Structures are given as structure tokens and as C-alpha cells.
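Protein chains: 4
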Amino acid sequence: MLNFPKHLLEGYGRYLGKGFVRYKETHERLAVYGQTPEVMVISCCDSRVAPEGIFSVGPGELFVVRNVANLVPPYEDTEGQHGTSAAIEFAVKGLKVKHIVIMGHGQCGGVKAFRENANAPMVTGQFIGRWIKLLEPAAISMACMPIDKADDPQLAMEYAGIRQSLKNLLTFPFIEEAVQGAALQLHGAWFDVGSAELRVMNPESQRFEKAGPDAPGIAE
Amino acid sequence: MLNFPKHLLEGYGRYLGKGFVRYKETHERLAVYGQTPEVMVISCCDSRVAPEGIFSVGPGELFVVRNVANLVPPYEDTEGQHGTSAAIEFAVKGLKVKHIVIMGHGQCGGVKAFRENANAPMVTGQFIGRWIKLLEPAAISMACMPIDKADDPQLAMEYAGIRQSLKNLLTFPFIEEAVQGAALQLHGAWFDVGSAELRVMNPESQRFEKAGPDAPGIAE
Amino acid sequence: MLNFPKHLLEGYGRYLGKGFVRYKETHERLAVYGQTPEVMVISCCDSRVAPEGIFSVGPGELFVVRNVANLVPPYEDTEGQHGTSAAIEFAVKGLKVKHIVIMGHGQCGGVKAFRENANAPMVTGQFIGRWIKLLEPAAISMACMPIDKADDPQLAMEYAGIRQSLKNLLTFPFIEEAVQGAALQLHGAWFDVGSAELRVMNPESQRFEKAGPDAPGIAE
Amino acid sequence: MLNFPKHLLEGYGRYLGKGFVRYKETHERLAVYGQTPEVMVISCCDSRVAPEGIFSVGPGELFVVRNVANLVPPYEDTEGQHGTSAAIEFAVKGLKVKHIVIMGHGQCGGVKAFRENANAPMVTGQFIGRWIKLLEPAAISMACMPIDKADDPQLAMEYAGIRQSLKNLLTFPFIEEAVQGAALQLHGAWFDVGSAELRVMNPESQRFEKAGPDAPGIAE
Chain C
9 MLNFPKHLLE GYGRYLGKGF VRYKETHERL AVYGQTPEVM VISCCDSRVA PEGIFSVGPG
69 ELFVVRNVAN LVPPYEDTEG QHGTSAAIEF AVKGLKVKHI VIMGHGQCGG VKAFRENANA
129 PMVTGQFIGR WIKLLEPAAI SMACMPIDKA DDPQLAMEYA GIRQSLKNLL TFPFIEEAVQ
189 GAALQLHGAW FDVGSAELRV MNPESQRFEK AGPDAPGIAE
Chain D
9 MLNFPKHLLE GYGRYLGKGF VRYKETHERL AVYGQTPEVM VISCCDSRVA PEGIFSVGPG
69 ELFVVRNVAN LVPPYEDTEG QHGTSAAIEF AVKGLKVKHI VIMGHGQCGG VKAFRENANA
129 PMVTGQFIGR WIKLLEPAAI SMACMPIDKA DDPQLAMEYA GIRQSLKNLL TFPFIEEAVQ
189 GAALQLHGAW FDVGSAELRV MNPESQRFEK AGPDAPGIAE
Chain R
9 MLNFPKHLLE GYGRYLGKGF VRYKETHERL AVYGQTPEVM VISCCDSRVA PEGIFSVGPG
69 ELFVVRNVAN LVPPYEDTEG QHGTSAAIEF AVKGLKVKHI VIMGHGQCGG VKAFRENANA
129 PMVTGQFIGR WIKLLEPAAI SMACMPIDKA DDPQLAMEYA GIRQSLKNLL TFPFIEEAVQ
189 GAALQLHGAW FDVGSAELRV MNPESQRFEK AGPDAPGIAE
Chain X
9 MLNFPKHLLE GYGRYLGKGF VRYKETHERL AVYGQTPEVM VISCCDSRVA PEGIFSVGPG
69 ELFVVRNVAN LVPPYEDTEG QHGTSAAIEF AVKGLKVKHI VIMGHGQCGG VKAFRENANA
129 PMVTGQFIGR WIKLLEPAAI SMACMPIDKA DDPQLAMEYA GIRQSLKNLL TFPFIEEAVQ
189 GAALQLHGAW FDVGSAELRV MNPESQRFEK AGPDAPGIAE
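Chains C, D, R and X, in that order, give the protein sequences. Under this note's numbering, the first residue of the first sequence is numbered 9, with each subsequent residue one higher. Under this note's numbering, the first residue of the second sequence is numbered 9, with each subsequent residue one higher. Under this note's numbering, the first residue of the third sequence is numbered 9, with each subsequent residue one higher. Under this note's numbering, the first residue of the fourth sequence is numbered 9, with each subsequent residue one higher.
None of these hints come from the bench; they were simulated from the model. Note that the coordinates shown come from a computational prediction; the quantities given were computed from them, not determined experimentally. A hint or two may mislead.
Repeated chains share a single entry, so a pair holds when one copy, or any two copies, can fit it.
Straight line, CA to CA, 25 Å or less: simulated BS3-like cross-link-like pairs of lysine-lysine [as the list claims (entries may be wrong)]:
| id | residue 1 | residue 2 |
| --- | --- | --- |
| 1 | 141 | 120 |
| 2 | 175 | 141 |
| 3 | 120 | 175 |
| 4 | 218 | 120 |
| 5 | 120 | 157 |
| 6 | 101 | 175 |
| 7 | 14 | 218 |
| 8 | 218 | 175 |
| 9 | 32 | 218 |
| 10 | 32 | 157 |
| 11 | 106 | 26 |
| 12 | 104 | 14 |
| 13 | 175 | 104 |
| 14 | 120 | 101 |
| 15 | 120 | 106 |
| 16 | 106 | 14 |
| 17 | 26 | 157 |
Could you put the whole structure together from the sequences, leaning on the hints where they help?
Pasting the structure below:
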């Protein structure tokens, strides 16, 4: 007897009856021609921030990495298995995506663990503790050159983490080259779980601004 | 001027007008009480296989890792940043999820790269090449103890990768303990892009069987 | 008192009375001029597959390595004592052999141990377990690009091991050079213990075909 | 077109017509019940000293390692692939052989290379040079406590190598235990290519004595 979660199979049944009917040709085309997404999103594992839902996209549109706290490690040419870097390489060199979006969110548990860990190292698990060390340079930048108001350090760290991941992306030679050649654009975004407010980082000011179809200054 | 992809912002606009209306209370509850997903899904970055879509779930239901080829590395108590292991630790020790689903899919580019790499090492990128080495034990198991028909080696390797990730999950002491204590169940699933057929691994035979709300033997 | 096995000394007595009489001049010539074998055979330690018997050759014809599972390691320019590589170097650079035959066989205990080990690591002994890890790339190739029918995984792995050893031979610079210059040919062969059937690998299809003096397509 | 050496296939044809006819039942029995050799022989790759010929044995009788200069490395519990140690482990722990014969021979090229190398290091190939370093303790023993007459240093070194390999065998815990328990006996032997004279090491005097079915003191 299969013990697969029943509600997932029921949800799958609903997808067959509705989503798949809508996307049937898309599915068939994607199976025949393969995927050609133009956007890579690096977001958090958090169950509340699935990028496909927030951006209302169907199959084939977003190439998605999800890891704890939507982090990009810096380029590192060593042996070892770098999952996020492998996905980035696949997206940029293989799929030639035109955009990479680092998508953070409010109440991020990974960011929260990092902040608590700074006070009491190793209260977090061993793997989590090591992974979120990737936020250290973000914290240092934030302490040295604060961009955001300091009244919400959790939010400020979420923003700082997004900025750091954008910086780290540029340490990959093939990304730096693609960005220079205007073949690739990098973006920061942040999503509020409670209000569903989306904010996008202004690349010049590095500040996060409310975004939406009607927000001012959005690219046509 | 923000140059954020316009179609994503338009999609976000649609979400605000429809999905968010539907899930408004869920969003607010999730913001106040935090996330309590019961299921973790480890699936591929591939743009065609977003688990939230396939299982028709809303915010708060799935804690999702997405990496190339939906791989779980074996437990390894070394320094270094293990993104997938960190997410697993967060889900099992922090969120106490009740299910982990390894969700593979057809035409997986990561699996394909691994198979091509076996032929001509290093044709794939450096990060991809190293990451998909995680499939090596899967290939060895598959060669030594074939479970699937050999007429589709790509499919057989996709299945073998899922089985290997399930094995690797059990190398984490806290997972082994949770599974022993019946607090956690591990599942394998596979999705066909073209037909949207879902197959679930039978834990006894280790074979993948067509699944759905009406398929026989599904747990009530 | 010598306790040397009596039946071996009796067999030696028979050799003196028969084989040596036949090969006396050969022995003397080989003692005076040294050995000049044209063929190196790398076969298994298995007591059932002595290459001199199968090919009915007398003294001086085959330079023979016998190790568990007839394996050739890849070229590796590190310190350490590589017995098989030393023998290969001796044969190719010293004796200038014209052919190297990798000679596998059915029911190979080393291959069997590797297949069982994939299931339950370390059930085999420590030295055996490490030695047969040399079969790992063979298993990976076999899983990624199956050449043989999967209905006999033991046989398929025996074949895959022979193919891998042939590949590994070409990683030795002096072999690659000799093969390029047509001074050396590499061959795969497989022997069935029960029926004494000999199969030879077709270098183009990489498949093993029944061989013999009357088999089609044998080089004159 | 197969380019397998024609004379080997012709020899195989002779084997089918003669040897296999003689050993047909043996082959079938060995295929059904597996091998159960009572003797392991570690001899040289040299084309002139195939142990099956010298001892007139058929299939299934000798488990044979053949490496350059019939060397046994000392027991070494490190990672790495020790081919000869793996074969010894297979024979003693797996097959439970009752005898191990280290079988040296005259005009051994490996011993000769070691002796030349002592004068002009690295004249020999890199793999050979490292492999025959295993003879160093033999040379030291021989220099410090000469057992044999010094008028033939090549022969004396051949003998010393056999003695050293016998010593090295006893460094394997499972061999030491089997020898203590009288489950296993170790023997040294040496074969002269030109005259086919066989000499066996007297375990007490450590000297090599002419052996044969009629030689005095042979175990009944």
C-alpha cells in the first residue's frame, strides 16, 4: 500500500482537472521542445513564498532554486558539491536565462536563525549554522554602511542578505561577463507574507520599493 | 527606473486580484503564527515541475528545496556549506515535517548531463559536473541491481536518483531516528512533463506506479 | 621435511615427462634469449580461467597479469605501488608487446562482490572492497549508456568491467601513443566457465560476440 | 571486423577440440558449484612460468595472482587499491585455500630491474621503479644475513624476494591466524626456465632445494 500523503494526491487530482487542462498544450510543447525559461528565481524554502504563485506563472516560466534564506554563495573554484552554484551555472550557461531574481521575504527563519546564532552560536543545527554563515558579509556590510532604517533589524538583515547574494552573483566570471554584455540582468525582490506586498530593489539606491503593475518606474 | 521583468509584475498583479483574495486569511494567519508545513518537497529547479502547481497547494503547505536533479547528498559532518542538508535539518528538526517527498521528473537536464558526462567527462560545467557526481552511487546501484527495464536509461536513472536520495536521507541520524519513531515518512515521486502523469514509488517493490486520487492502494 | 603440496609435485613430475619434453628447446631458447611475448593478457585470479590453457599456448607466449576481476586501474602519477600498472609498463615499454587482452569471465567472484557491496557496503573484505571500487566507473557507464541487455546484470557488469579496463589502458600516455602509432592493439575477451565459450569484444559496437577459429570477421 | 590475434583463436580452437573435451565435466561442475581451489599461487607475469603448466593442473585447481616479480606487499591498512592484497584476502578469507605458494623464477626481469635501479635510480619506468621497491627489505636482509652463496647475486635476490614475500604474508592478521591454527601453509618455490628445475624452500633452513615427485623429504 502506498502511503503517499492523501491531500497531495487529491491536489494532484484537482490539477489534472483544472490546471493541466489549462496548460495541456504548454505541457506538451515543453516536453517536446524542452524548457526555455527566461527568468531564474532564487528564493527561500519557506512554504509561504512559492514564486510561481506570487508571480502567477505557469509551467516553463521560472527556473527556481530554493534554499534556506535564498542565499547565493560566492564563486569558489574548489572541489565539493555546490548545489546553488551548479543551478546558477545550469541556468546561465545552459539555459541562457535573461534575468536572475533573488527573492527574499519577511519573517525569514534562516535570517532569524542567523541573528540568534550571532548571540548564541550553535543554538541552531550544525548544517543550518554553517549554511547561514553566508550571511556574515551581509551583516558586516549592514553594520558598516547601513542603507535601511535600523528599527527593524530582521527586515534590514533580510534586505542585506539579498544585496549580498546579488554581489556574490557577480563573483561568478560567467555572470559578470553576461551582465557586462547586457545578456543578463540581476534583480532583488522581497515579499511580505502577511500583506502579500512585493518590493523590488532599486539598483541605484539599493533600496527596496513597493512594486506592482501600477507602481511607478517599472520597465515597460 | 526599475527594470524588473514586466510580465512578472503583471503576474503579481493577477495574484493580488485573485490568488491573494482567496488566500488572504491564510496569508495573515501564516504571518502571525508562522509556517507549519507538514510536507517537505525536494524537487528540481526545472521550470516545468513546480510542486505547488502539481499538487494544487496554497501558501504554507509545502516546504520546498529545489536544486538541480532533486538530489540529497549523504550526511557529511564536515565544515562547508551544505545548502540542501541545511534545509533538511530546518524542516525536520525545526518545523518537524511529517513527510519528505523526493520529487523527480522526466527529461531531467541534470540527469541527462550526468549521463553525458559519464561518456565525456567535463563536457558539463564545473559546478554542474561536481554536483551531479551525487548521482554516481545511484548509477552504481542501478548497474548492480537493476530494478527498472533498461529500455529507457534516462528514466531508469531518474528513478535511481530518487531512490538514492531516499537512501541518503536515512544517513542523517535525525532522519533515521524520526523515521524509526514513525514521526516522519519518506516518499519518492516522479512527474512526466508531457502528460502530467504522476508516479509514486512503492516502498516495498521500489518501483514507481501511476498515482492519483483514484489509484489503488493509496493511504486513506 | 618439505610439506609442499604433493599433488603439485606430482603434476610437476608429469610436466617433466611430457610438457617439458615437448617444449625443451623452447625452454632453452627462452633461457638464452629471454622472453619476447607478443601478447599481454590481464585476466582474473580465478582458478577456472588460466589463459594459457584456454589459448593452448606454451611457455614464452603470454605475459600474464592476474588480479581479482581482471582490472586495470586508470593511470595515476602518484607514489605508491601499483602492481598492475607496473606490469603494464613492463610489457609495453620493456617487452613491446603488440596486443593487450583484457580477459574477463562468467561468474566472476570479484564482480559479484562489487554488486553485493553496492547493496551492503563493507560486507566484503577491506582489501577486496577497495580494489573492486575500480568497477565503479564501469557501473556508472553501464547505467548511463547501457550496451547490453539488462536481464543478466552480472554478465552486463562483467562486460562493463572489461570495457572500463580498456578505457583505463588508454589513460596511460605510453599506451595511447603506441595505440595511435599502430604498435599496440587492445582487445576485450570473455570466457564462459561452464561451456568454454569464448566471446570477443567488437571494437566498434563494443558488444561481445562468440569467437573461435571459424567465427566470421576474425583478422587473418 | 574483429582483429583479435589469430593464433590465440586457433589455440582456443585446439582447446575446444582437446583440453575442453578432457575437462568438460570439470568445467560444468565448476560452473555449477563454483571454484574451490586449495592452493593459491603468487607468481610472476613472465611468459615462461605459467604455474598451471609447470604443475600440470587443470581448471579449478590454482587460484593465481601474477604480478611483476611475484611480490607480496606488507599488510597496510590504508585507503587505496592493493590488488595483490585483495586477491590474498579473497583466497584466504573467501575461498579458504590451504596453501599459498610464492613462486619465483630465474632471470626474473623485475628482480633484474631492481638490481639495476639500485645503481642508477629511475632507469626503470615509474611504475616498475615504485613496485619493485617492495624488494628493498629483501635486499637489506640479504646484505645483513646472507643465506645463499654470493656468487650469483641475481639468483640470491630472487630467493630473497620469495623469503620477503613469505614474511610479508605473515603481516596480514588473517594469515597469521590461519597459519597459527594450521589451516594454512605458506611455501616458497623457484623455477628455472632453461632446465625446468623446480626448487622448494626448506622452511627450516630457508634454503631452496631441488624438488620433484622423487625428491627426498616431500610430504606424503
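How the hints compare with the structure:
Taking the shortest Cα distances, residue 141 and residue 120 sit within 25 Å of each other both inside one copy (12 Å) and across copies (24 Å). Within a single copy, residue 175 and residue 141 get their C-alpha atoms as close as 16 Å, and across copies as close as 20 Å, so both meet the 25 Å cut-off. In this assembly of identical chains, the alpha carbons of residue 120 and residue 175 lie at most 25 Å apart whether taken from the same copy (21 Å) or from different copies (22 Å). Taking CA atoms no more than 25 Å apart as the test, residue 218 paired with residue 120 passes inside one copy only; the shortest distance there is 23 Å, against 33 Å between copies.
For the homomeric pair residue 120 and residue 157, the shortest alpha-carbon distances inside one copy (18 Å) and between copies (21 Å) are both at most 25 Å. Taking the shortest Cα distances, residue 101 and residue 175 sit within 25 Å of each other inside one copy (19 Å), while across copies they are farther apart (30 Å). When the C-alpha separation of residue 14 and residue 218 is checked against a cutoff of 25 Å, the pair qualifies only between copies, where the shortest distance is 14 Å, while the shortest distance within a copy is 39 Å. Taking the shortest alpha-carbon separations for residue 218 and residue 175, only the intra-copy value of 22 Å comes in at or below 25 Å, while the best inter-copy value is 40 Å.
In this assembly of identical chains, the alpha carbons of residue 32 and residue 218 lie at most 25 Å apart only when taken from different copies (19 Å versus 34 Å within one copy). With identical chains, the CA atoms of residue 32 and residue 157 are never at most 25 Å apart, being 47 Å at best within one copy and 28 Å at best between copies. Taking identical chains as interchangeable, the C-alpha atoms of residue 106 and residue 26 are never at most 25 Å apart, the minima being 30 Å within one chain and 28 Å between chains. In this assembly of identical chains, the alpha carbons of residue 104 and residue 14 lie at most 25 Å apart only when taken from different copies (19 Å versus 38 Å within one copy).
Taking the closest pair of Cα atoms, residue 175 and residue 104 come within 25 Å of each other only inside a single copy of the chain (20 Å); across copies the shortest separation is 33 Å, beyond that limit. Taking the closest pair of Cα atoms, residue 120 and residue 101 come within 25 Å of each other only across two copies (15 Å); inside a single copy the shortest separation is 33 Å, beyond that limit. In this homomeric assembly, residue 120 and residue 106 come within 25 Å of each other (Cα to Cα) only across copies, at 23 Å, whereas the closest approach inside a single copy is 31 Å. Taking the closest pair of Cα atoms, residue 106 and residue 14 come within 25 Å of each other only across two copies (13 Å); inside a single copy the shortest separation is 38 Å, beyond that limit.
When the C-alpha separation of residue 26 and residue 157 is checked against a cutoff of 25 Å, the pair qualifies neither within a copy, at 45 Å, nor between copies, at 33 Å.
In summary, the structure is inconsistent with hints 10, 11 and 17 from the numbered list given earlier, while agreeing with the others.
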